[in-house]
Amino acid sequence: MRVMVVDDHPMWRDSVGRDLSEAGFEVVAATGEGAQAVRIAASVRPDVVVLDLQLPDVSGVDVTRGVLAAYPGAKVLILSASGEHHDVLGAVKAGATGYILKSASRAEFLDAVRRTATGDAVFSPGLAGLVLGEFRRLASDPAPDTPRLTDREAEILRMVGTGMSYKQIAERLVLSHRTVQNHVQNTLNKLQLHNRVDLVRYAIEHGLDTGRQ
Amino acid sequence: MSLQAPLWRSIAVFRFASLIYAAVLLAIRPVFYEDWGWAWAVIGVMTAWTVVTTARYANPARRTWLLLAADVVITALALLSTAILQTHTATRIGVMPVTATWLAGPALAWAVVGGVRAGVAAALVIGACDVSLRWPISGAYSSSALDGPIILLLSAALVGYVSMLSVRAERALQRATEIEAASRERERLARTIHDSVLQVLAMVQRRGAEAGGEAAELGRLAGEQEAALRALITGDEQPLAGPGELDLSAHLSREASALVSVITPADPVILTEQAVTETSAAVKAAIDNVRRHCGATARAWVLVDDEGAAVTVTIRDDGPGIPAGRLAEAAAEGRLGVSQSISGRIKDLGGSADISSTPGSGTEVRLRVPRAVLPA
Chain F
1 MRVMVVDDHP MWRDSVGRDL SEAGFEVVAA TGEGAQAVRI AASVRPDVVV
51 LDLQLPDVSG VDVTRGVLAA YPGAKVLILS ASGEHHDVLG AVKAGATGYI
101 LKSASRAEFL DAVRRTATGD AVFSPGLAGL VLGEFRRLAS DPAPDTPRLT
151 DREAEILRMV GTGMSYKQIA ERLVLSHRTV QNHVQNTLNK LQLHNRVDLV
201 RYAIEHGLDT GRQ
Chain Z
214 MSLQAPLWRS IAVFRFASLI YAAVLLAIRP VFYEDWGWAW AVIGVMTAWT
264 VVTTARYANP ARRTWLLLAA DVVITALALL STAILQTHTA TRIGVMPVTA
314 TWLAGPALAW AVVGGVRAGV AAALVIGACD VSLRWPISGA YSSSALDGPI
364 ILLLSAALVG YVSMLSVRAE RALQRATEIE AASRERERLA RTIHDSVLQV
414 LAMVQRRGAE AGGEAAELGR LAGEQEAALR ALITGDEQPL AGPGELDLSA
464 HLSREASALV SVITPADPVI LTEQAVTETS AAVKAAIDNV RRHCGATARA
514 WVLVDDEGAA VTVTIRDDGP GIPAGRLAEA AAEGRLGVSQ SISGRIKDLG
564 GSADISSTPG SGTEVRLRVP RAVLPA
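Protein sequences appear in the order of chains F and Z. Using this note's numbering, you'd call the opening residue of the first sequence number 1 and step up by one each time. Using this note's numbering, you'd call the opening residue of the second sequence number 214 and step up by one each time.
In short, the hints are calculated from the structure, not lab data. Be a bit skeptical, because a hint or two may be false.
Using C-beta positions, here's what the derived DEER-type ranges look like [as the list claims (entries may be wrong)]: (1) F/His86 - Z/Asp501: 44 to 52 angstroms; (2) Z/Lys560 - F/Gln185: 54 to 62 angstroms; (3) F/Glu26 - Z/Lys560: 52 to 60 angstroms; (4) Z/Arg467 - F/Gly207: 41 to 49 angstroms; (5) F/Gly207 - Z/Tyr374: 45 to 53 angstroms; (6) Z/Val410 - F/Gln185: 33 to 41 angstroms; (7) Z/Gly521 - F/Pro56: 33 to 41 angstroms; (8) F/Ala23 - Z/Ile392: 17 to 25 angstroms; (9) Z/Ala428 - F/Glu26: 38 to 46 angstroms; (10) F/His86 - Z/Ile392: 19 to 27 angstroms.
Sample of chain Z residues facing chain F (criterion: CB under 7 angstroms; computed from the structure) [what the hints assert, rightly or not]: (11) Asp248; (12) Thr477; (13) Pro478; (14) Ala479; (15) Asp518.
None of these values were measured; they are calculated from a predicted model. Glycine residues also receive a C-beta, built at the ideal position from the N, C-alpha and C atoms.
Please take these sequences and the hints and turn them into a complete structure.
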């Protein structure tokens, strides 16, 4: 499995890269610059991009968008410190499918990379709280195409947000593990779709779709 | 660039304009003068002085009190030369002196430099010279003899006041600039700390937890310090809360530690000060409760869910849970100390508190605080 590590702190870059190599992943690139990550994404073709949001040159949101545009086969997993709420939310809306804290253990981290590679959304409690908050914010938007949470989705996000594992949630709600996973995944898909629609609408409203002027 | 610069420019314009006015008056009315030629010589001196003062006043470093004093003396002498050069009758009936309105220059300059008092002082000196030309004041021309000096006095006071305002505005602007620089510096520090110290602490925490034993304890301490330091460098930003309001997320985030995760939306959750204080206290009591009943290693999560009309705060732990019936039993016996202090606070806010427990997945305290305005 091919992994690209983007973190401007050499200590973290090396450590994460070593953990991945020892666990059998192929680290195809490690860089501290967002612009470079976007530039090389298409040629190194990573399955997973492990991304720190605090980069010196480009915002994490732009790196996420840029990498996914250059190589749509990639999945972006955010490995970041806490306290960057808007950045995390922005990156997730731009297409990142996972978020894990730097304080997570090595086992949790490697598991997150594996799950991200297979296409699962990796939700930390923090990400569930952010996604829930974003839907609450959107709830006051009367536009008909604004995404809404179903009651079940809100319930599950709340459970993830209070640290419950998918297994615990499945037992509590008498659902299969897969169904819980799908519900969580759905909330993310809705946000990302809405974000894309928003971007297209913005482009049309501002005449950006007619090419450069 | 000083805010006073425009004032100095307008004084310069006034001086040149009034100089031309004086020359025109002299040119068209030679009959009022005993010695027309010498009067032109005075105009020459005035022209030279106007050029000198305009050049020197333009440079803040050269606005010395010596220059200002010389300005008053030379203007006064030019004004007093009227007594010799003009016919006595002309002066008596109120014909403009040789200097005409040019005499206001020094009073305005003093007002800009020293404010109202300095302006008034200079205006009194020049005005006294003007009045002395027509002394003794009597009869039909008495009122017109005082008009000029009074207008001069008022103008100097007004310009002095405006000048003081501009000085104050400049100080306020400078202070704002300093504050901005300080906050930029804090941001820079926060970035630096983030890039170095926090990353290292997070790494120590991670490696420590893997090594186990004593290293795990070190890792836990590093994690706590990381959380504390992070709260410190990001915590002061609460721009969206109005007076009497606070951000519940920011308040609850102070409870975060290696064992307690505080999960909030990206945007601040603004509630009244009372609601935030009481809710925070209730959350703190719930976390203490977790420590007491589930031991020092139990983890807890605090989730803030802002539903608009109400804010729900859920506190869940991964302890063994409360056996079914225990809660009801305790309530029946009237000893629900801690949960009472939790639900009491929330009920005072018009909300509700529920405690539920599933053996195996911990205990959950759910606080619901309505957003509607509450009676005090």
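Hints versus structure:
1. Range check, F/His86 to Z/Asp501: about 31 angstroms between beta-carbon atoms, so the 44 to 52 angstroms window is missed.
2. Checking the proposed 54 to 62 angstroms range against Z/Lys560 and F/Gln185 shows it is violated: the Cβ atoms sit about 39 angstroms from each other.
3. Checked against the hint of 52 to 60 angstroms, the C-beta distance between F/Glu26 and Z/Lys560 comes to roughly 58 angstroms, which is consistent with it.
4. For Z/Arg467 paired with F/Gly207, a C-beta distance near 47 angstroms keeps the hint of 41 to 49 angstroms intact.
5. A C-beta distance of roughly 52 angstroms is found between F/Gly207 and Z/Tyr374, which places it inside the suggested range of 45 to 53 angstroms.
6. The supplied range of 33 to 41 angstroms is met by Z/Val410 and F/Gln185, whose beta-carbon atoms lie about 36 angstroms from each other.
7. Distance hint check for Z/Gly521 and F/Pro56: the Cβ-Cβ separation is about 38 angstroms, which falls inside the suggested range of 33 to 41 angstroms.
8. In this structure the hint that F/Ala23 and Z/Ile392 lie 17 to 25 angstroms apart at CB is violated, the actual value being about 50 angstroms.
9. In this structure, Z/Ala428 and F/Glu26 break the distance hint of 38 to 46 angstroms, their C-beta atoms being roughly 30 angstroms apart.
10. A hinted range of 19 to 27 angstroms holds for the C-beta pair F/His86 and Z/Ile392, which are about 24 angstroms apart.
11. Of the supplied interface hints, the one on Z/Asp248 is violated, with its beta-carbon coming no nearer than about 75 angstroms to a beta-carbon of chain F, more than 7 angstroms.
12. Below 7 angstroms, beta-carbon pairs count as interface contacts, and Z/Thr477 has one with chain F at about 6 angstroms; its hint therefore holds.
13. Residue-level restraint check for Z/Pro478 holds (minimum Cβ-Cβ distance to chain F is 2 angstroms; threshold 7 angstroms).
14. Using the Cβ-Cβ criterion of 7 angstroms, the hint placing Z/Ala479 at the interface with chain F is satisfied: the shortest such distance is roughly 4 angstroms.
15. For the restraint placing Z/Asp518 at the interface with chain F, the shortest Cβ-Cβ distance is roughly 6 angstroms, inside the 7 angstroms limit, so the hint holds.
The structure shown violates the earlier hints numbered 1, 2, 8, 9 and 11.
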